[in-house]
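Make the full structure from the sequences, and use the hints.
Going down the list, the protein sequences come from chains A and B.
Here my numbering is used: the first residue of the first sequence is 1, the next is one more, and so on.
Here my numbering is used: the first residue of the second sequence is 1, the next is one more, and so on.
Don't read these hints as lab results, they were simulated from the structure.
A hint or two may mislead.
Repeated chains share a single entry, so a pair holds when one copy, or any two copies, can fit it.
As the list claims (entries may be wrong) - Computed list of lysine-lysine pairs in DSS-like fashion (alpha-carbon distance at most 30 angstroms, straight line): (1) 138 to 45; (2) 33 to 54; (3) 139 to 87; (4) 33 to 147; (5) 33 to 87; (6) 138 to 54.
On a predicted model such as this, the values are computed, not experimentally measured, just so you know.
Number of protein chains: 2
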Amino acid sequence: MEIAFLLFDNYETLDVFGPVEIFGRLTDLYTLKFYSLDGGIIENKHGVSVLTEKLETVSANPYLLLIPGGMGTRKEVDNPSLIGQIKEKAGASSYVLTVCTGSALLARSGLLDGRQATTNKRAFSWVESMGPNVNWDKKARWKVDDKYYTSSGVSAGMDMALGFLADRHGIEFARNVAFEIEYNWIEDKDNDSFIAE
Amino acid sequence: MEIAFLLFDNYETLDVFGPVEIFGRLTDLYTLKFYSLDGGIIENKHGVSVLTEKLETVSANPYLLLIPGGMGTRKEVDNPSLIGQIKEKAGASSYVLTVCTGSALLARSGLLDGRQATTNKRAFSWVESMGPNVNWDKKARWKVDDKYYTSSGVSAGMDMALGFLADRHGIEFARNVAFEIEYNWIEDKDNDSFIAE
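Quick look at the structure:
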């Protein structure tokens, strides 16, 4: 089962590599791949240069598409090529996970309309404005609506990734992954201590 | 001030990119760079391909050298070229941070001899055997001895990176960085709930 991580310039480092660490522990279950609109090396402001493949080459029905946040989302919400491909690939995926302001990109595709979602508590108003027909939840650490998982800021993506594993494989399975990486998992998706004002 | 991250095949993803997220928030203070023994693309088992520069091109006196862990350390402890360069570059750095089994590589250089250190609680015996003259602490989340910071497994590297910021800039400075990434920081370096048997 392929897990596709979508990168773009100035993605947020941990939004991607927190979940990569978690799903990457389960290489017997998942194959991790990295994509961007045009493929090639993608950089961010932390100086991390990662090799990616073209997004259009992702398999027809990926198991999971993960969309990170980061300052790059401010630009990419106005990139119709990327939003169009997100709509197509997210629509075809069994599951879609967004971290932080990655939810703004998914919201722009229209796929979150009428759904429950959350996002970074420090960029809430901006993300809300990108998806006026989405039911945004200001309290959740992460939110699940059908196949769509949306998380709060940065490290909340790790909590959500573990929550996703718990939903698929049971809580003890997820707890064991958290234990292996010596991570203090926040298990409660409904309460975030970093709530929006 | 340059922060140099050392990569090698099969480094652990989060050991690197957790601290990258934390130090990367402070680009007015720090420049992040990525190195490997021979430079070029470095891959790990999670499929993350990162572009690096040659380790010998690191500045003469880097501010901070970070050495991650991961399964690759099992091979690299027997790579005299890498251990020799670690000895030289770590010796010249103002600070050296290791995450997880990265401490085994630093121990092999001899620079930890007679010092306090810790490591991954799930690989403790092996790391101990790589540094028989190191005073290994089985209880610490991370350990500080002079310029050497060594942390427990994977996500403990993030706690240590925040602890490093607290030591340099004060606890409120570090708490603010944790808040920005909505991270539930384990502030107490002396007690790890993932202790070794």
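Hint check against the structure, violated hint numbers in rising order: Violated hint (a single one): 6; every other hint is consistent with the structure.
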